[in-house]
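Chemist: Since each chain sits alone in its own frame, please combine them into the complex, following the hints.
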Amino acid sequence: MAVGPSATVTAAGLQAPTAQDAAGAAWRRLGRLKWGVGGAVVFLVIVLSAVFAPVISPHDPLSVDIRHRMAPPAWMDGGTREHLLGTDQIGRDLLSRVIWGGRVSLLVGVTAVLLSATIGVLLGLTAGYFAGGADWSIMTVINVMLTFPFVLLALAVIAVLGPSVPNMIVVLGITGWPVYARVIRAETFALRERDFVVAARALGMSHARIIFGQILPNLISPIVVVATLQIAQVIILESFLSFLGLGVQPPTPAWGNMLGEGRVYMLNSWWIAAFPGLAIFVTTLVLNLMGNGLRDWLDPHMKL
Amino acid sequence: MRRYLVRQLVQLVVVILGISILAFSILHIIGDPVTLLLPQNAGKEEYARYKHLMGLDQPIWVQYWKFASSAIRGDFGKSWYGNAPAFHLVIDRMPPTIYLTLAGLGVALMISLPLGVLAALKRHSMVDTLCTLLAVAGQAMPIFWLGIMLIIIFAVRLRLLPASGYGTWQNFVMPAFCLGAFLAPLTMRLVRSGLIEVMNMEFIKTARAKGLGERIVVVKHAFRNACIPVVTVLGLQFGQLLGGAFITETVFAWPGVATLTVDSIRNQDFPVVQCAVVLLALIIVIVNALVDVLVGFIDPRIRAGA
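If you read the protein sequences in the order shown, they are chains F and A. Position one of the first sequence corresponds to residue 1 (the working numbering), numbered consecutively onward. Position one of the second sequence corresponds to residue 1 (the working numbering), numbered consecutively onward.
Here chain A stands alone, though its shape is the one from the complex (with noise of 0.2 Å):
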C-alpha cells in the first residue's frame, strides 16, 4: 500500500508541474504579455521599458521559475483589470462551480444508476434499447442548446423556473439538469456494461447456487463490484465534468469560476485567466489522484497489479 501511494504521489507532483509549465507557456511563448498589455500604437521604446519593468527580457526559465514560485504560495500577480488579487478573485468564485459540479453529479447519477441497471439486468429488451438511443442522444447532445431550449421553453413560455441567477433551489434545476445530461450517457453504459461483465463471473453463479435471492445476488455481489469501474471512470471524467460545468455556467450566466475566466479572456485579463486554469487544473489532478487511491484501497487486486 504504502509503494502505491508512493507512486501516486510522484505522478501527482509531474503532472502538477506539467500544469504550470502549460500555463505559463500559453502566455509566455504563444503569446507576448507586453504587446496584450499595451496600448496598439505604443512606440519600441515603451515596449522596451515594460518588457524590463515586467521582468520578461530575462531568460525564459527565470520567469518560468518566478511565475512557479510566486503560484505555489497563491500569488498569480494582480488582475490587470480589477486591481485585486487574480487568485482571490478566481477563490470567491469557486463555491459555486463547485455546488453547480457535485449538482450536476448527482442528477447524473439519479438518472443512470437505475436506467444503467436495468438496461443490464433486461439485455436486449424495449429498455435496453431506449437506453442506448437516449444515450447516443444525449452524447450527441451540445449542452449550450439544450440549456438554450430549457430556458426558451421553461423560463420564457411556461414561467416555471428563473433564466438565470443564483441563490435559490429553483436556480440549481436547469443548470443542474444540463450538466448531468452531459455527463449521465457515459456513466449508464458504464454502469450497463460494468454490470453485465460482473453477471457472468463465477461468483455471481455461486451466489446463486447457494440459493441467495436475485435481489441480494444483484444488489449485494453484482452491484458493488460493477461500482468499481464506474467510480474509476467518473473520476477520471471529472476534468470533463468541470468541462460540462464550465460551458453550462456560460449559458445560465451562473456566477461561478467559468463566467469569471470566459469574463477575463474578453477584457485581456491574463493573471486571472492563467490562475484559474491552473487551480481548475490542480482540483482534478488532486479529485484523480484521490480517486484512484480510493479504487486501490477498495480493490487491492489494482494495487498489486498497476
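Same shape as in the complex, but just chain F (with noise of 0.2 Å):
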C-alpha cells in the first residue's frame, strides 16, 4: 500500500497504516506460515519420491537377500553403505521399501479424499441449499456415521468385502464423506441467504446453477482445507488396516504392513517397525502442517 507521509493523519485522527506496516504484517503472516510453506515442501518430496520410486529407490524392493537379512541401519555397528536403512527379516533393502510404500498411502489417500468430497460436498450443498426434509434426513445420516468410529466402519466393510486395495479405497472414500458435507452445510446454509443468490433466484436461475455456478465457487476454500487435512487421517487409517493384515497384502510394500511385519521382530531389529512407521508420522505431519497453512492463507476465519 503507498500512502504518503501527509496520509497519516486522517479526518478521525487516527493514524493510517503505512507501507512500513502493510509490509511488517505481510511478513508476519508468511511468518505465521512459514510451517505450512515448510510442510508443502517436505509433502512434494515425499510425492516425488514416490512417484520416481522406481528411479531413486537404491534396490528392488521386492528382492530376497536371506544371507543379509535385519541388518541395522549404516550408523549402527554391523550396518553397511549398500543399505541405509537396514534390511527387514528377509534381507529386503528397508529404504527401498520405504519409498515404495509411499506410493500405495499416496494413492490410496488421494483417491479415497477424492471419493469422499464428491459425495460429501454434494450431499452437504443438498443439505444445505434445500433445507428443510432434505437437511434433515441428510444431517440424520451423517450423524449415525459420525458415531461410529471412523475405523470401526471401516473394519467390519473391509471384513465383508475382503482386504484389496480398491475394496480399501472405496470403504474409505465411503466412511469419509460425512466430515465434508457437515463443513459444506454449514457454509451453504449461510450463503443461500446472501444477495448474490437471492438475486440469482430472483433472476429465475435454475436450482443447479445456483448451486453449482454461485454457491460452489465460494466453497472452494474450505473444501481444500478439509481434504488436505483428510489426506492425513486416510492414510493412517490405510496405515492401520495394513497394520492388522486386513489392508495392502504382503508382498507390496505398504507402510502398514511393513510396521505390522516389523513388529513381530521388533526384540532384536526394531528398525524394521521404526521406519516405516515414522515414514506415516513425517508424511500426516506435513499434511496437517500444509492444511493448517492453508486455512491461515485463504480465510483466517475459518472454522474447522
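Among the hints, a few may not be true.
[Claimed, not checked] Quick look at which bits of chain A chain F covers, simulated, 3 or more residues with Cβ under 8 Å:
id, segment
1, 90-103
2, 113-126
3, 134-148
4, 283-291
Think of the hints as simulated: they come from the structure by calculation, not from any bench. Glycine included, every Cβ here is placed at the ideal spot set by N, Cα and C.
Modeler: Set out below in C-alpha cells:
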C-alpha cells in the first residue's frame, strides 16, 4: 500500500497504516505461514520420491537376500552403506521399501479423499441449499455415521468385502464423506441468504445453476482445507488396516503392512518397524501443517 | 427442560435405528452371509438349502425385522466359530475396553488441562508455541506406531514395563499413555481456545474490577465457563476415543472388545462382529446423549437455543 506521509493522519485523527506497517504485516503473515510452506515442501519431496520410486530407490523392494537379513541401519555396528536403513526379516532393503510404500499410501489417500469429497460436497450442498426434509434426512445419516468410530466402520466393511487396495479406497472413500458434508452444509446455509444468491433466484436461474455456478465456487477454500487434512487421516487409517493385515497384502510394500511385519521382530531389530512408522508420522505431520497453513492463508476465520 | 429431553430422546431413537440398519446392511447388502459361511466348493443346491435354512430367501425387510427384534433382546445369534452366544462373548470383553478408555481419558486430561490453561494465560509465549508444536505433532502421530515404539523402548530395551497383558497397574501404563496422547492434542487446543475466548468476556472484566485476585478470576470464573465446550466436544469425541482404544488394544494385545472384533473378522465370525459394532455404537450414542443433557443442565442457554 503506497501511502504518503501526509496521509498518516486521517479525518478521524487516526493513524492510517503506512507502507512499512503493511510490509511488516505481510512478513508476519508469511512468518505464520512458514510452517505451512515448510510442510508443503516436504510433502512435495515425499510425493516426488513416491512417483519416481523406480528411479531413485537403491534396490528392488521385493528382492530377497536371506544372507543379509535383519542388517541394522548404516550408522550402527554391522550396518553397511549398501543398505542405509538396514534390511528386513528376509533381507529386503528397507529404504527402498519405505520409498515404494509411499506409493500405495498416497494413492489410497488421494483417491479415497477425492471420492469422499465428491459425495460429501454434493450431499452438503443439497442439505444446505434445500434445507427442510432433505436437510433433516442427510443430517440424520451424518449423525449416525459420525457416531460410529471411523475405524470400526471401515473394519466391518473390509471384513465383508475382503482386503484389497480397490476395496480399501471404496471403504475409506464412502465412510469419510460426513466430514465434508457437515462443513459444506454449514457454509451453504450461510451463503443461501446472501444477496447474490437471492438475486440469482430472482433472475430465475435453475437450482443446479445457482448451486454449482454461484455457491460452489465460494466453497473451494474449505473443501481444499478439509481435503488436505483428511488425506492425513486416510493415510493413518489405511496404514492401520494394512498393519492389521486387512489392507494392502504382502509382499506389496506399504507402510502399514511393513509396520505389522516389523512388530514381530521388534525384540532384536527395531528398525524394521520404526522406519515405516516414521514415514507415516512425517507424512501426516506435513499434511497437517500444510492444511493448517492453507486455512490461515485462504481464510483465517474459517472454523474447522 | 422437558421439551429438551424429549427432543434428545427422539434423536436417540432415530440414531439407534440408523445404526441397526447400518450394521444389518454391512452383512446382508454388501456381503452375502451364505457364501461367507459355506465352503467355496459348495454346490448350488447346498447354497439354496442353506439360504432357506437361514431365512435369507425372505424379503429383506422381513430379515431386518428378525435381526432387529432379536437384537433388542440381546440376541445376535451364536458365534459361528465358538458356538457361544455372540452377545455374551462381547459383553465379557467389555470391561477391559471401558477401563482402558477411562484410563486414556484420565491421562489425556492430566496432560491437556494444565498445558491448555498455561498456553491460554501466556499467549504467544514459549510455552504456548511449545504446546502448539506438541499438539500438531500429537495429532499426526499414528498411535499404533507410538505404541510399538513405547514397547521397544520401555519393554524391550529398558525392561521397565510389560509389553502386553492385562491385570496389574503396570499393564495399564503404556496403553493408557498411548490413548491419552491420542486425545490430548484436541483437548488441549479446546481448553486453550475456550479459555482465551472466556477471558475476553465482560464478566471477567467485572470480576477483575471488583478487585478479585487473578487466581480466583481464572479458576472460578473463567475456567468453569471454558469447561462447557470442552465437555461437549469431549462427549462428541467419545466415539473417536473408543476408536483410539480400539487401535491401542490391537497393539498391546489388550483383552477387550477390539481384539475380539479383529479376531472375529479374521475368523469371518460375523454375528460377533455385528454384535460388537452395535453394542459399541450404542454405548457411544448413549454417552453422547448424556453429555448433551448434562451440558444443557449446566448451561441453560443451550437448552433454549438448539
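Chemist: Are the hints correct? Go through all of them and say.
Modeler: We went through each hint and held it up to the structure:
no. : hint    : result
1   : 90-103  : violated (count 0)
2   : 113-126 : violated (count 0)
3   : 134-148 : holds (count 9)
4   : 283-291 : holds (count 3)
Consistency with the previously given hints fails for numbers 1 and 2, ordered from lowest to highest.
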